[in-house]
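**Q** Below are the chains, spelled out letter by letter.
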Amino acid sequence: MVKLACRHLLLAGALTLAGCVTINIYFPAAAAEKAADRIIDEVWQLKNGATPKAEQPEATPGEKK
Amino acid sequence: MRTRIFSVAVLATLASLLPAPALGQANLDINTPAIVSLQRSMQQRHTQLAPLYASGAVGLTRDGNVALRDARAVPLAQRQRVNALIASENQDRAALYREIARANGHPEWEADIRATFGQRWISRAQQGWYYQNASGAWVRK
Numbered sequence: 001m002v003k004l005a006c007r008h009l010l011l012a013g014a015l016t017l018a019g020c021v022t023i024n025i026y027f028p029a030a031a032a033e034k035a036a037d038r039i040i041d042e043v044w045q046l047k048n049g050a051t052p053k054a055e056q057p058e059a060t061p062g063e064k065k
Numbered sequence: 066m067r068t069r070i071f072s073v074a075v076l077a078t079l080a081s082l083l084p085a086p087a088l089g090q091a092n093l094d095i096n097t098p099a100i101v102s103l104q105r106s107m108q109q110r111h112t113q114l115a116p117l118y119a120s121g122a123v124g125l126t127r128d129g130n131v132a133l134r135d136a137r138a139v140p141l142a143q144r145q146r147v148n149a150l151i152a153s154e155n156q157d158r159a160a161l162y163r164e165i166a167r168a169n170g171h172p173e174w175e176a177d178i179r180a181t182f183g184q185r186w187i188s189r190a191q192q193g194w195y196y197q198n199a200s201g202a203w204v205r206k
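As you go down the protein sequences, you meet chains A and B in turn.
Quick note: the first sequence uses the numbering used here, first residue 1, plus one each step.
Quick note: the second sequence uses the numbering used here, first residue 66, plus one each step.
Extracted from the complex, chain B is given alone in its bound form (with noise of 0.2 Å):
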């Protein structure tokens, strides 16, 4: 009898003990080849896009994406290359939050991870960038 208690006893501390690694992935892992290859070209990118942050030009999505938000802001020459600019950031940006997704064998997690970027991308954007609210509108920060 007394082993029986022993044994289960042992067996409940053991399941107690098991949710420990699971609760330890406290970080999402973002240390992949694809996603580090990722950022690095956004950093690249980022040389270029901040001037039109700081302009107005090109302002932060709710859904973590950039957009032209004020053509005018920039000249007619540059139009093409700053369109090409968004195209190729918001690619990036598709990518890596797929990347985290897959990376963390969660693929349906990439919608969560991309609306949880749009408001880090936005809370974390210098003062006087402009940022989509809820509505759509676009606020300067």
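One chain only, chain A, in its complex shape (with noise of 0.2 Å):
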């Protein structure tokens, strides 16, 4: 009965060590979607999903010269 409980928590530790492992090799698409729209809002200067005012940007190139 014990040796049988034994068991049973190895597997389960290696079973989730082992999804560990998976989850690592695949491509993260949800942070890659978090990274890039982190990136898009400050390049284009959005603000949290607010209207773009992309005419209207608050540096101009040349300006810290």
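Since the hints were made in silico from the structure, they are not lab data.
Quick reminder that beta carbons are idealized off the backbone N, C-alpha and C, glycines included.
Hints are supplied without guarantee of correctness; some may be wrong.
Here are the simulated BS3-like cross-link-like pairs (lysine-lysine), alpha carbons at most 25 Å apart as the crow flies [to be verified]:
#, chain 1, residue 1, chain 2, residue 2
1, B, Lys206, A, Lys34
2, A, Lys47, A, Lys34
3, A, Lys47, B, Lys206
Cβ-to-Cβ under 10 Å is the rule here; a few derived chain B residues that face chain A [said to hold, decoys possible]:
#, residue
4, Gln145
5, Ala180
6, Trp186
Reference excerpt, derived from the structure (chain A facing chain B, CB under 8 Å, subset only) [what the hints assert, rightly or not]:
#, residue
7, Pro28
8, Ala31
9, Gln45
If you follow the hints, you should be able to join the two separate chains into one complex; please do so.
**A** Okay, here's the thing in structure tokens:
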């Protein structure tokens, strides 16, 4: 009985580890979308889905010179 | 015997805890100096690209780039400048996709990252801008 319990525990642990390894091999699509959105927010100066104001950017090129 | 059961239980608990940090990487790292500087360069270039998106001269491609869609929308004298702008933008974008993949330890993700960006640029584009649909035709948003 005790042995059986031990085996179950070991099996559960092994499966969890295997699941972890599998997850890491695949491309994290959701995380990539989030990262893309964060970068697009910056590049296009969008603020949390508000109407974009591409025509009036805060910084003009050459301003920092 | 008890100690053995206990140690197995402890091991199993530890094993189930292990994936936690791995799953915790729900975010991709985009804060490397290279990525931040590419982002800034693209942000500055956007002030010149925005009117070109609006006029339909430049559109967003399916593969996460920009392309000249309608040369007639650009005065002849400015075509060279616009072409150079498109080339630099695509260069930055390629570097950005490559850097994100590399910064997260998976250079082989570059194509997937590019595809993800391709979709996100299009779905977040303003009304009136042009993008390429699945069959490669230009569509006005």
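**Q** Where does the structure disagree with the numbered hints, that is, which hint numbers, in rising order?
**A** 4
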